[in-house]
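Trainee: What follows is each chain in one-letter form.
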Amino acid sequence: MSDPLLSLRGVKTDIAQYHILHGVDLDVPRGQVTMLLGRNGAGKTTTLRTIMGLWQPHTGDILLDGDNIARQPPAIIARKGVALVPEDMGIFANLTVEENMTLAAVSGPIDKTRLEWIFAVFPPLRTFWKNPAGNLSGGQKQMLSTARAMIEERRLYLIDEPSKGLAPAIVSTLARALRDLKQAGATILMVEQNFKLAKALGDHAAVMDDGRIIWTGAMAELATDAGLQERLMGLSMEHA
Amino acid sequence: MTAAPDHTPIMQRPPLSVRMQPWIPVLLIPALVITGFIAVGNPTSWLTLTVSGLAMGMMIFVIASGMTLIFGLMDIINFGHGAFISFGAFVGVSVLIALGGLTGVPSLALNLLALLAAVLAAMAVTGAIGWGFERVIVRPVYGAHLKQILVTMGGLIVAEQLIQVIWGPKEIHIARPEMLKGAITILGATLEKYRLVAVVFGAAVFIAMRLVLRHTKIGLIVRAGVENREMVQALGYRIRRVFVGVFIAGSALAGLGGIMWALYQELITAHMGNEIMVLVFIVVIIGGLGSVEGAFIGALLVGLLQNYVAFIEPKAALVSNIALMVAILMWRPQGMSPVIKV
Amino acid sequence: MVRFLLSGDGPRSLILSVIVALIFVALATAPFLFPGSRSLEVAARIAIFIVLVASYDLMLGYAGIVSFAHTVFFGLGAYGVALAGAHLGRGWGALAAGALGGTAVAVAVAFVIALFSLRVRAIFFAMITMAVASAVAVLVSQLSWLTGGEDGMNITIPRELTPAFRLDLEIFGTRVTGKILNYYLVFLCCTVLFLLLLRVVNSPFGRVLQAIRENAFRAEAVGYRVVIYRTVATCLSAGVAALAGSLFAIWLRYVGPDTTLASEIMIDILLMVVIGGMGTIWGAVVGATIFVLAQNYLQTLMQGAADATAALPLVPDLLNPDRWLLWLGVLFILSVYFFPTGIVGRLRARG
Chain A
1 MSDPLLSLRG VKTDIAQYHI LHGVDLDVPR GQVTMLLGRN GAGKTTTLRT IMGLWQPHTG
61 DILLDGDNIA RQPPAIIARK GVALVPEDMG IFANLTVEEN MTLAAVSGPI DKTRLEWIFA
121 VFPPLRTFWK NPAGNLSGGQ KQMLSTARAM IEERRLYLID EPSKGLAPAI VSTLARALRD
181 LKQAGATILM VEQNFKLAKA LGDHAAVMDD GRIIWTGAMA ELATDAGLQE RLMGLSMEHA
Chain B
1 MTAAPDHTPI MQRPPLSVRM QPWIPVLLIP ALVITGFIAV GNPTSWLTLT VSGLAMGMMI
61 FVIASGMTLI FGLMDIINFG HGAFISFGAF VGVSVLIALG GLTGVPSLAL NLLALLAAVL
121 AAMAVTGAIG WGFERVIVRP VYGAHLKQIL VTMGGLIVAE QLIQVIWGPK EIHIARPEML
181 KGAITILGAT LEKYRLVAVV FGAAVFIAMR LVLRHTKIGL IVRAGVENRE MVQALGYRIR
241 RVFVGVFIAG SALAGLGGIM WALYQELITA HMGNEIMVLV FIVVIIGGLG SVEGAFIGAL
301 LVGLLQNYVA FIEPKAALVS NIALMVAILM WRPQGMSPVI KV
Chain C
1 MVRFLLSGDG PRSLILSVIV ALIFVALATA PFLFPGSRSL EVAARIAIFI VLVASYDLML
61 GYAGIVSFAH TVFFGLGAYG VALAGAHLGR GWGALAAGAL GGTAVAVAVA FVIALFSLRV
121 RAIFFAMITM AVASAVAVLV SQLSWLTGGE DGMNITIPRE LTPAFRLDLE IFGTRVTGKI
181 LNYYLVFLCC TVLFLLLLRV VNSPFGRVLQ AIRENAFRAE AVGYRVVIYR TVATCLSAGV
241 AALAGSLFAI WLRYVGPDTT LASEIMIDIL LMVVIGGMGT IWGAVVGATI FVLAQNYLQT
301 LMQGAADATA ALPLVPDLLN PDRWLLWLGV LFILSVYFFP TGIVGRLRAR G
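Protein chains in written order, with this note's numbering: chain A, 1 to 240; chain B, 1 to 342; chain C, 1 to 351.
Calculated directly from the structure, the hints in this document are not laboratory data.
Keep in mind that the hints are not guaranteed to be accurate.
[To be verified] Only part of the chain B face toward chain C is listed, based on derived beta-carbon distances under 8 Å: (1) Ile34; (2) Ile137; (3) Pro140; (4) Leu146; (5) Val151; (6) Ile157; (7) Ile218; (8) Val278; (9) Leu318; (10) Leu324.
[What the hints assert, rightly or not] Simulated restraints on C-beta separations: (11) A/Lys130 x C/Leu334: 49 to 59 Å; (12) A/Ile20 x C/Ala28: 50 to 60 Å; (13) C/Leu334 x A/Lys80: 35 to 45 Å; (14) A/Thr59 x C/Glu264: 51 to 61 Å; (15) A/Gln193 x C/Phe111: 49 to 59 Å; (16) C/Tyr337 x B/Gly188: 55 to 65 Å; (17) B/Gln265 x C/Leu167: 23 to 33 Å; (18) C/Leu334 x B/Ala39: 47 to 57 Å; (19) B/Ala39 x C/Gly93: 40 to 50 Å; (20) B/Gln265 x C/His87: 57 to 67 Å.
[To be verified] The calculated lysine-lysine pairs, modelled on DSBU-like cross-linking and capped at a C-alpha distance of 35 Å, are: (21) B/Lys193 x A/Lys12; (22) A/Lys112 x A/Lys12; (23) B/Lys315 x B/Lys217; (24) A/Lys130 x A/Lys112; (25) A/Lys112 x A/Lys164; (26) A/Lys12 x A/Lys80; (27) B/Lys170 x B/Lys181; (28) B/Lys315 x A/Lys130; (29) A/Lys164 x B/Lys217; (30) A/Lys182 x B/Lys217; (31) B/Lys217 x A/Lys80; (32) A/Lys12 x A/Lys182; (33) A/Lys112 x B/Lys217.
Beta carbons are placed, not taken as given, at the ideal position from N, Cα and C, and that holds for glycine.
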């Protein structure tokens, strides 16, 4: 775990009275997939949103390659190469698929080869390129949301529960796309409740509980140790 | 790279009735024009009234468009928007009076040059005031509606008073440029030249706004911001700057509407802005807050209805627009073309 | 006894208590302490606007509803008296019938507006009421056969309330006339209405309103029907405003669009309630008094200041007596930012 791309040090975030981070310490290694696990309300989404700058930590540092991005505005953090696929997908429903993608390509026109790659992994986006994104199905919206992050090469992808509420066929499409992204050398920090997907994609795992990281290690270690899962997450995720 | 997954697209062409829905509001305009024809009963009067209604509608649209965009993007209703109308009118009229040498001669080119100077001055000044207004009056109360309404009202009071400090308390009469005076006769109907100019001008503003919103990156950011501000920021755009830009543009448009209205009425007062605001409120409500297209349709409906009714029963003109608002809100409580909000 | 009358909600600040007591005593003795018709005009106007502003505060400060139609209710009360006088003739019965009729209509109108638009967001309500208010003002000035149009209507009131009626009684050297009796009618009614409003906001009903204002969603979740509470608050507020309007009409013996329906009056009410202190009821006393005094006497002061600075550029224009509203507007904005509970809130915080 030497020279991580992203390091959180003692990050504390308060939002009203709930969803609180009580001092998160986390390293996200370069070029690998880190899974952020834990039960509902443990602070996983809050961690991603805090990294993105959508919520401001009141103390602590967030180092992106040594550059402290804590308390910077989200637009600046995005321009430094951090992309978020939010839990609610954040699709612009009145805009077409094309316009959604154009907006996501912040540094200039859409790169044609990258777009072809995205079309190859998410064919519906090609089919509905000129249609309002609001007309897409739930799975297609998730594809669009993920594709928006993938349209440019980012230093860090923050992906929040992409499989939530989707049919198995679409989950496997997403899994293939994310594997492609991983093979291209991307650094990903991902929240996932679907343990099968987490196991298939993750290199590392970090388990949260009550606003803290309570365990970090190799995904493989967690995946094979039912007792450890039981202890960390209160239930064996394999069968959840 | 992996092969394309076997995913069957589920989107299908919706039935005609669903696809027609966004167009129903547009159809209200010809429906109103035809109803007007029947109710007025006299083709030449009807044509005169229609042009005058369109001219009025276009001017209200120019004013309302800025207001509705500001609301859509920032969730701010600026009750002081009327101040920009008045300021635009006074600045523009001052320029026209100063350029009397250009407006008084019967040369269309020189007249239009003077008009252009007046419009640019009005927009520049109201844009600048808008910038200050946003910083001083509006920024501290983002997100607090009650305070927003109160404080922007306060801004209106102060602005109206400042106009009287600068230009004096009296109303000012302004003559139209020489070549825009009088009327032409088409099909026996008398059409004032200036009203035709106002129609063309308003339509041009609408088309320009649509082009900017539909075909530029900044327009894309604005439309996306109306839907979901947070996501626009997470994609890497500094929405604050867009806010300020839209506020300035909206204020400048109100200023433009002000000078247009000044030449329409040939009379300006410090309170004129707030008087027009009643119609502007009706327009943004029936159009759907945040929707430029809705404001356009709403403004034309209000302008036409106002003129037809004023011809048939002058006392019922404003009341008829309230009735229109009530009817449309019964039909679509969010206005005709609401913007989907996340 | 005083505690009971004030519904246990006194000024709660020594300075404020002194100010309120001074205002009360001054108003109660105005005809004799400050003889002269101008000061009596000012005193009656203060009393009536205290009630009008307090009724507006019930909506704005307690229920969190921003309405620009308050002048409509005020006007309905005033025109009610005028129309009753015109059609039923001179007499106490006509006066009462007009006031109650106007009030009933105002409550009905408020009910319709509330049902129609209280479900929508605050800004919608504000815009809709503004449009309605301006339509009513235009309508009233156009329906001259009914309302007298722009000229308004003169009102016939019982002879006992007119200056022509003279009592054989002198107090502090001032002869008691019908005008003075009229003033005391206004003063008494205003006192009763004010105490009534104080009772309303301190009742369980008032507390629910405040809970709704703080968090409508939570209040609804706890089981209060928000729309019903807001509707009742709107109707009550409209009723009191209409009664204030009736008193104003009786006092002026005249009603016209400019005295009751003008948008300037709406702005005046807004200024008074915010500067005095929203959500306190007592703010109405302080706000209305300061405002009406400023309206009548600040201009004299400003004239002096403008004369003194005549040599400077722009300054005399800013200090022109006609620009007094400019300074109150600035004060208004500063109030909203820096002391949203107004003068009353400030004084209470000190104590």
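Trainee: All hints are to be evaluated individually against the structure, with a verdict given for each.
Mentor: Hint check results:
{"no.": "1", "hint": "Ile34", "result": "26 Å, violated"}
{"no.": "2", "hint": "Ile137", "result": "7 Å, holds"}
{"no.": "3", "hint": "Pro140", "result": "6 Å, holds"}
{"no.": "4", "hint": "Leu146", "result": "6 Å, holds"}
{"no.": "5", "hint": "Val151", "result": "5 Å, holds"}
{"no.": "6", "hint": "Ile157", "result": "4 Å, holds"}
{"no.": "7", "hint": "Ile218", "result": "26 Å, violated"}
{"no.": "8", "hint": "Val278", "result": "4 Å, holds"}
{"no.": "9", "hint": "Leu318", "result": "5 Å, holds"}
{"no.": "10", "hint": "Leu324", "result": "11 Å, violated"}
{"no.": "11", "hint": "A/Lys130 x C/Leu334: 49 to 59 Å", "result": "52 Å, holds"}
{"no.": "12", "hint": "A/Ile20 x C/Ala28: 50 to 60 Å", "result": "57 Å, holds"}
{"no.": "13", "hint": "C/Leu334 x A/Lys80: 35 to 45 Å", "result": "41 Å, holds"}
{"no.": "14", "hint": "A/Thr59 x C/Glu264: 51 to 61 Å", "result": "52 Å, holds"}
{"no.": "15", "hint": "A/Gln193 x C/Phe111: 49 to 59 Å", "result": "51 Å, holds"}
{"no.": "16", "hint": "C/Tyr337 x B/Gly188: 55 to 65 Å", "result": "59 Å, holds"}
{"no.": "17", "hint": "B/Gln265 x C/Leu167: 23 to 33 Å", "result": "54 Å, violated"}
{"no.": "18", "hint": "C/Leu334 x B/Ala39: 47 to 57 Å", "result": "51 Å, holds"}
{"no.": "19", "hint": "B/Ala39 x C/Gly93: 40 to 50 Å", "result": "45 Å, holds"}
{"no.": "20", "hint": "B/Gln265 x C/His87: 57 to 67 Å", "result": "38 Å, violated"}
{"no.": "21", "hint": "B/Lys193 x A/Lys12", "result": "67 Å, violated"}
{"no.": "22", "hint": "A/Lys112 x A/Lys12", "result": "41 Å, violated"}
{"no.": "23", "hint": "B/Lys315 x B/Lys217", "result": "47 Å, violated"}
{"no.": "24", "hint": "A/Lys130 x A/Lys112", "result": "16 Å, holds"}
{"no.": "25", "hint": "A/Lys112 x A/Lys164", "result": "30 Å, holds"}
{"no.": "26", "hint": "A/Lys12 x A/Lys80", "result": "22 Å, holds"}
{"no.": "27", "hint": "B/Lys170 x B/Lys181", "result": "24 Å, holds"}
{"no.": "28", "hint": "B/Lys315 x A/Lys130", "result": "49 Å, violated"}
{"no.": "29", "hint": "A/Lys164 x B/Lys217", "result": "31 Å, holds"}
{"no.": "30", "hint": "A/Lys182 x B/Lys217", "result": "30 Å, holds"}
{"no.": "31", "hint": "B/Lys217 x A/Lys80", "result": "20 Å, holds"}
{"no.": "32", "hint": "A/Lys12 x A/Lys182", "result": "29 Å, holds"}
{"no.": "33", "hint": "A/Lys112 x B/Lys217", "result": "18 Å, holds"}
Hint violations for this structure: numbers 1, 7, 10, 17, 20, 21, 22, 23 and 28, all remaining hints satisfied.
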